[in-house]
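Chains as they are written, first to last, in numbering that gives the first Met the number 0: chain A, 0 to 250; chain B, 0 to 326.
Worth flagging that the hints you see were computed from the coordinates, not collected in a lab. Everything numeric in this text was worked out from a predicted model, so none of it was measured. One should not assume that every hint holds.
Stated by the list, open to error - Which bits of chain A does chain B cover? Going by a derived footprint, with three or more residues having C-beta under 8 Å, they are:
#1 67 to 74
#2 77 to 88
#3 201 to 210
Each residue gets a CB set at the ideal place from its N, CA and C atoms; glycine is no exception.
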Amino acid sequence: MTEPLLRIEGLRKAFGALVACNDVSLDLRPGEIHALIGPNGAGKSTLIKQIAGNMAPDAGRIHLAGRDVTGLSTAARARLGLGRTFQISSLAMEYTVLQNVMLGALGHRGGVMRFLSPVMKDKALLQTARAALERVGLAEAARRRTADLSHGQRRQLEVAVALTLSPRVFLMDEPMAGLGAEGSARLTGFLDQLRQEAPILLVEHDMDAVFALADRISVLVYGAVIATGTADEIRADPAVREAYLGEEDAA
Amino acid sequence: MKREPLLNAAILLGLLLVPLWALWADAPFTITLATKVAILALAGVGLNIALGLGGLVSLGHATFFGIGGYAMGILASHAQSFVPLTEVPFLIEGTKSMPVIWLVAVVFSALAALAIGALSLRTSGVYFIMITLAFGQMFYYFAISWPAYGGEDGLSIYVRNGFPGLNTLDPIQFFAICYAILALVLFLAARLAASPFGLALGAARQNDERVQTVGMDSFRLRLVAFTISGAVTGLAGALFADLNRFVSPTMFSWQMSGEFIIFIILGGIGRLYGPVVGAALFIILEHFLGGLSDYWHIYLGAILLAVVLFARGGLIGALAGREVAHD
């Protein structure tokens, strides 16, 4: 097995007496989708924030593509190849769709400290940006203002911006949230192919998508990973059934 | 989409035609007013880079305006008294040359903006406003208590500084200098807004998290923007001092900073020509209403209130419509 691209070791974060992240270890190998599931309040967001660099862990290490990034900023992690999408769309709302993907392309290429050349005429950046829009099916909306997009289109744009970064690793926080059945199915198909480019750590509530996509699943309960395994192993795991899946099976 | 460039061209042309008319009508005071508009507009264009593009509400831009003003005052006062600024470690003499004074003004206001920005940009929102205000007040009281350069009374420069090939004492020629600088800076500011840096800075204003997630250091973007912004306002300060042939601590006052913000709000936040329209309106009101009553600020306040409540895009927004994202 090849070296994991993302490796998390013994991550711990406590807010007073509440341990939101309790000795979490997991890894992400090339070509896989590793899903992270868990009930509300299990500490998924806390974990995501620590991986992305928005929150410093109390203990533990995070390795990205062979480098220890525990002490690095969000921006530095992004430059090392972490492509993150947000649970709640985080975009420049006053900009056009194209400008948002241009921003990603610019961040990836570098050269932001250029003051007089018109960025929206930069052919190389435009090519990267348009290709990303094309892939998520937003090419038609390129000139629209981001604030005017539908919720589903914003989700697509989030993914497109992450694509412009050509990341080594994708970190996706509930990309299906709020998408209809059709949109969800389309994105599932897209992520299925995307894992060949870079592995995806997928936090998702949509269980159909998780079980259809994930090579491995980790279950987070009260800040701790109680099980990691294939979809079948997770379905069969008694601790998981009790903590989490029980209610869904009954339904 | 097409209306704003057209409106901008009309504004720039208008600012040129008024003093030309005044020249023909032999009304030199009107030329001086137009020059004042051009200079204050320049200061506002500088602030607009930080405030409009970067979303940094600085209530301390008078600091840079004052540094520009004192750069002129100090250099020119040494030149008119024939006393060098210093002889150790090497001789530095005063100067009456505008280009040299501008260079000094730009360099020192940029350095001050870099230092103030490096400290204040670690905060945001109300704290940022308060810290920039505090720096402004520090410079204000420092200028008051610095007897070498006039202290509270300020510095008078008897003859306007020179520009190669022009007679700067002729109001229309001095106006031409200020107008040309304003036009050049407006051109460069437009390029800046459409540049890679402008795209990133505008995104940092809208969503800091987004900018960091694509691998950019938003603090650095803001610091560079704040420095450029301070340098432009500093240049305006040097011209303002030359217009009045007088520098005083008032240039550092927070009321001055407030006026720059008022120009931008009147004209339209983030609109390239917003500060130009805003400064023009301000000077017109000051001139005409100020002639009627010493309390003309009451009317200014009412107008400001009306703009904030009913025309959020300022005058430019009211005339040219909502801002269209540039691409």
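Here's how the hints hold up against the structure:
1. Remark: the segment 67 to 74 of chain A is confirmed as covered by chain B, as 3 of its residues place a Cβ nearer than 8 Å to a Cβ of that chain, reaching the required three.
2. Here's how the segment 77 to 88 of chain A fares: 4 of its residues keep a CB closer than 8 Å to some CB of chain B, so the rule of at least three is met and the hint holds.
3. By the rule of at least three residues with a Cβ nearer than 8 Å to a Cβ of chain B, the coverage given for the segment 201 to 210 of chain A is violated, with 0 such residues.
Of the numbered hints listed earlier, the single one contradicted by the structure is hint 3.
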